[in-house]
Amino acid sequence: MIPELGYGATVAALLLTLWGTVAAAASARTGRAALLRSGERAAVGAFALITACIALMIYAFLAFDFSVRYVAINTNLGTPFYYRVTALWGALEGSIVLWAWMLAIYTLIVVIRYRRSQPELYPWVLSVMLGVLAFFLLIMTIPAPPFERLTPIPADGRGLNPLLQDAGMITHPVALYLGFTGFTVPFAFAMAALIVRRTGEEWITITRRWTIIAWYFLALGLLIGGWWSYHVLGWGGYWAWDPVENAAFMPFLTATAFLHSVMVQERRRMLKLWNLSLIILTFGLTIFGTFLTRSGIIGSVHSFTQGTIGYFFLGFLALVLLGSFSLLASRMERLRAEGVLDSVVSRESTFLLNNLFLVAATFTVFFGTVFPLISEAVRGVKISVGAPFFNLVNIPVFLALLFLMGVGPLIAWRRASAENLKRNFLKPVVAGLVAAAALRALGVANGLVLTAMALVVFVAGTIALDLFRAVRARRRSGDDWGAATWGLLLRQNRRYGGFIVHLGILVIALGVAGSQAWSVQKEVTLDKGQSMELAGYQVRFDGLSASEESNHAKVTGTFTVTNGRAGGYMLYPAKKFYAQEQNPIAYVDYRLGWIEDVYLVLGDFARDGSHATVKLQVNRMVSWLWLGGLVLTFGAALAILPDARRAA
Amino acid sequence: MSRRGKFAAGGLVIAAAIAYLIWAGVSQSVVYFVTPSELLAAPTPSKTYRLGGFVQAGSLKWEPKSLDLSFTLSDGKASVPVRHKGTPPDLFAEERGAVVEGSWTTEGYFKASLIMAKHSEEYKAPPDGAEPGYKELIKSLRGESTQ
Chain S
1 MIPELGYGAT
11 VAALLLTLWG
21 TVAAAASART
31 GRAALLRSGE
41 RAAVGAFALI
51 TACIALMIYA
61 FLAFDFSVRY
71 VAINTNLGTP
81 FYYRVTALWG
91 ALEGSIVLWA
101 WMLAIYTLIV
111 VIRYRRSQPE
121 LYPWVLSVML
131 GVLAFFLLIM
141 TIPAPPFERL
151 TPIPADGRGL
161 NPLLQDAGMI
171 THPVALYLGF
181 TGFTVPFAFA
191 MAALIVRRTG
201 EEWITITRRW
211 TIIAWYFLAL
221 GLLIGGWWSY
231 HVLGWGGYWA
241 WDPVENAAFM
251 PFLTATAFLH
261 SVMVQERRRM
271 LKLWNLSLII
281 LTFGLTIFGT
291 FLTRSGIIGS
301 VHSFTQGTIG
311 YFFLGFLALV
321 LLGSFSLLAS
331 RMERLRAEGV
341 LDSVVSREST
351 FLLNNLFLVA
361 ATFTVFFGTV
371 FPLISEAVRG
381 VKISVGAPFF
391 NLVNIPVFLA
401 LLFLMGVGPL
411 IAWRRASAEN
421 LKRNFLKPVV
431 AGLVAAAALR
441 ALGVANGLVL
451 TAMALVVFVA
461 GTIALDLFRA
471 VRARRRSGDD
481 WGAATWGLLL
491 RQNRRYGGFI
501 VHLGILVIAL
511 GVAGSQAWSV
521 QKEVTLDKGQ
531 SMELAGYQVR
541 FDGLSASEES
551 NHAKVTGTFT
561 VTNGRAGGYM
571 LYPAKKFYAQ
581 EQNPIAYVDY
591 RLGWIEDVYL
601 VLGDFARDGS
611 HATVKLQVNR
621 MVSWLWLGGL
631 VLTFGAALAI
641 LPDARRAA
Chain W
649 MSRRGKFAAG
659 GLVIAAAIAY
669 LIWAGVSQSV
679 VYFVTPSELL
689 AAPTPSKTYR
699 LGGFVQAGSL
709 KWEPKSLDLS
719 FTLSDGKASV
729 PVRHKGTPPD
739 LFAEERGAVV
749 EGSWTTEGYF
759 KASLIMAKHS
769 EEYKAPPDGA
779 EPGYKELIKS
789 LRGESTQ
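These protein sequence lines are chains S and W, in that order.
In this text, residue positions in the first sequence follow the numbering used here: the first is 1, and each later residue adds one.
In this text, residue positions in the second sequence follow the numbering used here: the first is 649, and each later residue adds one.
Since the hints were made in silico from the structure, they are not lab data.
Mixed in with the good hints, there may be bad ones.
Calculated cross-link-like contacts (lysine-lysine; reagent style DSSO-like; alpha-carbon spacing at most 30 Å) [stated by the list, open to error]:
#1 K759/W - K695/W
#2 K709/W - K528/S
#3 K713/W - K554/S
#4 K709/W - K576/S
#5 K695/W - K654/W
#6 K528/S - K554/S
#7 K725/W - K695/W
#8 K554/S - K725/W
#9 K427/S - K382/S
#10 K713/W - K654/W
#11 K382/S - K695/W
#12 K522/S - K709/W
#13 K709/W - K654/W
#14 K733/W - K522/S
#15 K382/S - K654/W
#16 K759/W - K709/W
#17 K422/S - K382/S
#18 K528/S - K713/W
#19 K713/W - K576/S
#20 K382/S - K759/W
#21 K725/W - K576/S
#22 K528/S - K733/W
#23 K522/S - K713/W
#24 K733/W - K709/W
#25 K733/W - K554/S
#26 K695/W - K522/S
#27 K709/W - K695/W
#28 K725/W - K382/S
#29 K733/W - K713/W
#30 K382/S - K713/W
#31 K422/S - K725/W
#32 K522/S - K759/W
#33 K725/W - K713/W
Please take these sequences and the hints and turn them into a complete structure.
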């Protein structure tokens, strides 16, 4: 029953969105309000139908309805309750349903928010959003139908990929998809503005906040993905330049570029063509990323090799890029800059540089991801460019971006005077140099780390100095320090939201630099009762035990960790054995700390429990990445609040 | 030089620098995929390769005390002895695919610094009636008899 209901709802939603796309566009051409209302009803109807699809799928998972192929593959009778819900997005077909649902939600918000306030842009925005939604419903209808029926109905299912049975996997795809789908809104507004020839500042003001929302969710998705990689995969890292990570990182970079260059357009009426291109590129990269990860063209945990789906994505990508760039070309005469660049030492040129570096980083990541594919297709030579390539090229670029992060927000528009430079940057530069000298004196010899640390201190210094001056000014009107700071953050929320996001990035940068430079590891085979030592920690192997859990069996090692200072604690790394897997899966145990994490992975072990091979890592400053994510959250929330000054 | 010219020149310099970085990055860090027959046809010591094949039955040796791992990778036509220091990864086993990264040594074996077991999404349920292999393992860890 459920397969037929679900498939019916999918097809109905597809027809509704196709109709809505046409109706909304026709209403814009003819001015007939009835058509627009019909398009809106189609959007609401599609949302209801996709919601029904989600409900049906969750019901099928909870009821173990193995007549649905997707349920039979991604769950079995032992799968715990919450993983049966999240199994919805455990593989390709279900994640497309989630994707479509989020896009439908964004579409509804656009309908509610802009149907009255943006009469001119709105019909086209609705048409574009429904068009994109129709594409994902088409995917759900033809190449990746989630409700495909399975006959004969098996007694038990296969089970969710054990690596995905983790809390990180509950939240990571949700955040990531909210980011990916969120970029449809700015894209739709950009297209609408081009179509009705209103390429002024209006669409940009509307879409800036939407871009921050999508950008934030994407950042959150990337960070949660890093956390998952760190605490599940057991290699002690959080980022591997894996194609699937790159796929999400590229639109993040171009969206970051857009969020900065948009300020130049608002302020100086320049870069119109550039901003539109960035939005199109960002949206295109979200589709490209889905193609890369979902078509099975690159082997990774995320790729579920699926016949024709790649062609659908490539076709859609071509349509989007050709359509939007030819639209852009036809409106070229309206996109001339009204302002000019006055000086090389100015905020405009800093932002230009920032954009140049961000786009360069995007290109580098794109190149490194796609080059092996091209090499294999064109020359027939299989190669790989791994992390060394990405690190070599991107580290200088990211260091330059860090430097610009300090300069950009405070340097004067148009032309910076020597006075402006001295007032804003002299003290932070000195602070950065002193920090580098101090670290050098403490024995830090790595040049890259010293540079990164000096830049972080410099940027933090510029932010602190600016905040201090502004708060001091408010203090003169009688507020105490707390009230003055808080009032400033809320009144100039856009500016200080941005600063706090920058602080979050700095904290993450410290985490990356520290963990890359100072983490250590050691792999040893220990007899029962024997200890190993690393970085001041003693780890003793106390024995192995076995147990059976609801859907797997587990061999757990018991280890006592002491570091000579405080009392010790126990770590229990394990190996999990799932019936559907031929091999065990490592289960890491760790103790997180602000300065260092103790991270223990159980490798091989003797069948009588007499010895075990373990990998002990002392990972430095990794927690700063997660802390940076929290700071980022606070800053992004502040930045998307309605602009206090404009509202007042 | 006009202002426009200055910006254009600055942009070009940066673009050229990045292009150089990419070129240098690729030429330094590109790693070629080879099969055992391709490697043995022209073995170049100390050049980094990724060698892919399947682990020959009976060739896998693992010394927990010294962390010495050795096995033979084969593509059906040729086979290459591989040595590695460290625990075999979770998905690594005999008669299954694996990719190793490392270099050919003049002593006639491939020294692997990294082992990537091939992960297949198509994991299968155990055949009907057969007890999963781990049941026996649990018994032996608990000290129960397992004839």
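These are the hints, each one checked on the structure:
1. Of the supplied pair hints, the one linking K759/W and K695/W holds, its CA atoms being roughly 11 Å apart against a limit of 30 Å.
2. For a cut-off of 30 Å, the pair hint linking K709/W to K528/S stands: about 22 Å separates their Cα positions.
3. Proximity of K713/W to K554/S is assessed by CA-CA distance (about 24 Å); at most 30 Å being required, the pair is judged to hold.
4. Among the hinted pairs, K709/W with K576/S is consistent with the structure: their alpha-carbon atoms are about 23 Å apart, no more than 30 Å.
5. Restraint check for K695/W and K654/W: the C-alpha separation of about 44 Å exceeds 30 Å, so the hint is violated.
6. Only pairs whose Cα atoms come within 30 Å are accepted, and K528/S paired with K554/S is accepted, the gap being roughly 19 Å.
7. Straight-line distance between C-alpha atoms of K725/W and K695/W comes to about 23 Å, which keeps the hinted pair within the 30 Å bound.
8. The straight-line distance between the Cα atoms of K554/S and K725/W is roughly 39 Å, outside the 30 Å bound, and the hint therefore fails.
9. This hinted pair does not check out: K427/S and K382/S have alpha carbons roughly 52 Å apart, beyond 30 Å.
10. Distance check on the hinted pair: K713/W and K654/W sit about 64 Å apart at the alpha-carbon level, beyond 30 Å; violated.
11. At most 30 Å may separate the alpha-carbon atoms for a hinted pair to count; K382/S and K695/W meet this at roughly 16 Å.
12. For the suggested pair K522/S and K709/W, the alpha carbons sit about 21 Å apart, so the restraint of at most 30 Å is met.
13. Distance restraint check for K709/W and K654/W: the Cα-Cα separation of roughly 64 Å exceeds the 30 Å cut-off, and the hinted pair is therefore not satisfied.
14. Using a Cα cut-off of 30 Å, the hinted pair K733/W and K522/S holds, with the two alpha carbons roughly 12 Å apart.
15. Taking the CA atoms of K382/S and K654/W, the gap is about 42 Å. The hint is violated against a cut of 30 Å.
16. The suggested pairing of K759/W with K709/W holds, with an alpha-carbon distance near 15 Å, which does not exceed 30 Å.
17. As the CA atoms of K422/S and K382/S are separated by approximately 53 Å, the hinted pair breaks the 30 Å bound.
18. As the CA atoms of K528/S and K713/W are separated by approximately 13 Å, the hinted pair is consistent with the 30 Å bound.
19. Restraint check: the Cα-Cα separation between K713/W and K576/S comes to about 23 Å, which is no more than 30 Å; the hinted pair holds.
20. The suggested pairing of K382/S with K759/W holds, with an alpha-carbon distance near 20 Å, which does not exceed 30 Å.
21. As the CA atoms of K725/W and K576/S are separated by approximately 36 Å, the hinted pair breaks the 30 Å bound.
22. A hinted pair counts as satisfied when its Cα atoms are at most 30 Å apart, and K528/S with K733/W qualifies at roughly 22 Å.
23. Of the supplied pair hints, the one linking K522/S and K713/W holds, its CA atoms being roughly 14 Å apart against a limit of 30 Å.
24. At roughly 12 Å between alpha-carbon atoms, K733/W and K709/W fall within 30 Å of each other, so this suggested pair holds.
25. For the hint linking K733/W to K554/S, the alpha-carbon distance of about 26 Å falls within 30 Å, and the restraint holds.
26. Only pairs whose Cα atoms come within 30 Å are accepted, and K695/W paired with K522/S is accepted, the gap being roughly 26 Å.
27. Using a Cα cut-off of 30 Å, the hinted pair K709/W and K695/W holds, with the two alpha carbons roughly 25 Å apart.
28. Note on K725/W and K382/S: the hinted pairing holds, with a Cα-Cα distance of about 19 Å set against a maximum of 30 Å.
29. Proposed proximity of K733/W and K713/W is supported: the alpha carbons are some 11 Å apart, at most 30 Å.
30. The suggested pairing of K382/S with K713/W is violated, with an alpha-carbon distance near 36 Å, which exceeds 30 Å.
31. Straight-line distance between C-alpha atoms of K422/S and K725/W comes to about 70 Å, which puts the hinted pair past the 30 Å bound.
32. The suggested pairing of K522/S with K759/W holds, with an alpha-carbon distance near 19 Å, which does not exceed 30 Å.
33. Distance check on the hinted pair: K725/W and K713/W sit about 33 Å apart at the alpha-carbon level, beyond 30 Å; violated.
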